[in-house]
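I would like the entire structure built from these sequences, with the hints used as guidance.
Protein chains: 2
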Amino acid sequence: MESSAILTPSQLPYLFPSKSNRKKAYPSWPCSKPRTSQPTRLHCQKMYVPGFGEASPEAKGAKNLHNFFTYIAVRIVAAQLQSYNTEAYKELMEFMDRHSLNDGDKFCASLMRESSRHKGLALRILEVRSAYCKNDFEWDNLKRVAVKMVDESNTSIMREYVLETSQAESEK
Amino acid sequence: MESSAILTPSQLPYLFPSKSNRKKAYPSWPCSKPRTSQPTRLHCQKMYVPGFGEASPEAKGAKNLHNFFTYIAVRIVAAQLQSYNTEAYKELMEFMDRHSLNDGDKFCASLMRESSRHKGLALRILEVRSAYCKNDFEWDNLKRVAVKMVDESNTSIMREYVLETSQAESEK
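Chains as they are written, first to last, in full-length UniProt numbering: chain A, 1 to 172; chain B, 1 to 172.
These are calculated hints, taken from the structure and not from any lab test. Computed from a predicted structure; not experimentally measured. Beta carbons: idealized from backbone N, C-alpha and C, even for Gly. Treat the hints with caution; some may be incorrect.
[Stated by the list, open to error] Now the in silico label distances, taken between C-beta atoms and shown as ranges:
#1 Tyr84(A) - Glu54(B): 39 to 49 Å
#2 Arg117(B) - Ser110(A): 30 to 40 Å
#3 Arg117(B) - Gln45(A): 26 to 36 Å
#4 Lys148(B) - Glu171(A): 49 to 59 Å
#5 Glu87(B) - Gln45(A): 19 to 29 Å
#6 Thr155(A) - Glu164(B): 50 to 60 Å
[What the hints assert, rightly or not] Result set (SDA-like, lysine to any residue): computed pairs, CA atoms no more than 25 Å apart in a straight line:
#7 Lys63(A) - Met158(B)
#8 Lys143(B) - Glu54(A)
#9 Lys106(A) - Asn67(A)
#10 Lys60(B) - Ser100(B)
#11 Lys106(A) - Asp151(B)
#12 Lys134(B) - Arg144(B)
#13 Lys63(A) - Asp97(A)
#14 Lys63(A) - Ser156(B)
#15 Lys60(B) - Arg144(A)
#16 Lys106(A) - Arg144(A)
#17 Lys60(B) - Met96(A)
#18 Lys60(A) - Ser100(A)
#19 Lys134(A) - Asn67(A)
#20 Lys119(B) - Gln167(A)
#21 Lys90(B) - Arg117(B)
#22 Lys106(B) - Phe52(A)
#23 Lys119(A) - Thr165(B)
#24 Lys106(A) - Gly120(A)
#25 Lys60(A) - Glu127(B)
#26 Lys63(B) - Gly51(B)
#27 Lys119(A) - Ser153(B)
#28 Lys63(B) - Phe95(B)
Following this line, the structure appears as structure tokens:
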């Protein structure tokens, strides 16, 4: 059972009727290869995540962060230009009005083809996003904040539900 | 100069005219407190990231991942139910058709209020997203993939540009 590490069937009888010979498939978890953070395990204890095909949730998350890093790099470069190269700053802002930053790579490729001055800006953005991702972005902090966010959100969702239903009960 | 660790003015004379007495502000980087991964430094070498106010890029990234984890938890629970509790599976699918998963917390809060059976599903999703985020999601891998993605994208953007322009040159 994929979720045996988390919840046992006895804890959730409604969701886990006694039936255990399900077919297992782990397309997105290459569990047999050794991981850096944990020793190799003979049996994969991970939950099966469907719908990612050849990719993994990590790759999907990284793709998202990739566009985010491009957005940040554009903000960094714009802030740097604003104070001492207003002409380049205006050009960048004007370009941003016309092009979406949702796809970071596409944005940079278009910027590079706009003019030779824009090309300089594009190269700078590429360099900044690489440096930001490797040196400045606090990966440990990302994990810490995300874990805290899940805990706090779970607590608050459950607390609000209990408060709401207990009020409804007492009003009866 | 905030980006002194990455690029020196001499490398980019167009973007960095000689002017260095700019006002510094690091709202999102609490650089004075010691970090776990690096020793305390007297001067912050990080690039200034504007526009995040009190929050940080890490918090913004974590918020994004938070919704992603809820999405994954819903997929995990749905896949588990599909094979041995088709009734609950159908109920979850039907609920998903009516409610967006873009805001994961809102989705869970609504699911919890739908019916007592839906409440069971919501509690399970909350539990799974917490377990997934803490145990299953490969944070090291996320960083590795994201860094690789930036390097590869940068190379490919520059290569494509060079190929394109050299072709245009040779056609003249």
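Quick rundown of the hints versus the structure:
1. Tyr84(A) - Glu54(B): 39 to 49 Å: violated, 27 Å
2. Arg117(B) - Ser110(A): 30 to 40 Å: violated, 50 Å
3. Arg117(B) - Gln45(A): 26 to 36 Å: holds, 28 Å
4. Lys148(B) - Glu171(A): 49 to 59 Å: Cβ of Lys148(B) to Cβ of Glu171(A): about 57 Å, so the range 49 to 59 Å holds.
5. Glu87(B) - Gln45(A): 19 to 29 Å: Given about 28 Å between the Cβ atoms, the range holds.
6. Thr155(A) - Glu164(B): 50 to 60 Å: For Glu164(B) against Thr155(A), whose Cβ atoms are near 53 Å apart, the range 50 to 60 Å holds.
7. Lys63(A) - Met158(B): holds, 19 Å
8. Lys143(B) - Glu54(A): Holds, at about 19 Å.
9. Lys106(A) - Asn67(A): Holds, at roughly 10 Å.
10. Lys60(B) - Ser100(B): holds, 20 Å
11. Lys106(A) - Asp151(B): It holds: about 15 Å lies between the C-alpha atoms, which stays within 25 Å.
12. Lys134(B) - Arg144(B): Measuring from Cα to Cα gives roughly 18 Å; hence the hint holds.
13. Lys63(A) - Asp97(A): Answer holds: Lys63(A) to Asp97(A) is near 23 Å, not above 25 Å.
14. Lys63(A) - Ser156(B): holds, 15 Å
15. Lys60(B) - Arg144(A): holds, 13 Å
16. Lys106(A) - Arg144(A): violated, 31 Å
17. Lys60(B) - Met96(A): Distance of about 21 Å is within 25 Å: holds.
18. Lys60(A) - Ser100(A): Given that 25 Å is the threshold and the Cα spacing comes to 20 Å, the pair holds.
19. Lys134(A) - Asn67(A): holds, 15 Å
20. Lys119(B) - Gln167(A): holds, 18 Å
21. Lys90(B) - Arg117(B): holds, 12 Å
22. Lys106(B) - Phe52(A): Answer holds: Lys106(B) to Phe52(A) is near 24 Å, not above 25 Å.
23. Lys119(A) - Thr165(B): Holds, at about 12 Å.
24. Lys106(A) - Gly120(A): Answer holds: Lys106(A) to Gly120(A) is near 16 Å, not above 25 Å.
25. Lys60(A) - Glu127(B): Roughly 22 Å between the alpha carbons, so the hint for Lys60(A) and Glu127(B) holds.
26. Lys63(B) - Gly51(B): Given that 25 Å is the threshold and the Cα spacing comes to 16 Å, the pair holds.
27. Lys119(A) - Ser153(B): holds, 16 Å
28. Lys63(B) - Phe95(B): Holds. Lys63(B) to Phe95(B) sits at ~23 Å (cutoff 25 Å).
In the structure shown, a violation is registered for the earlier hints numbered 1, 2 and 16, in ascending order.
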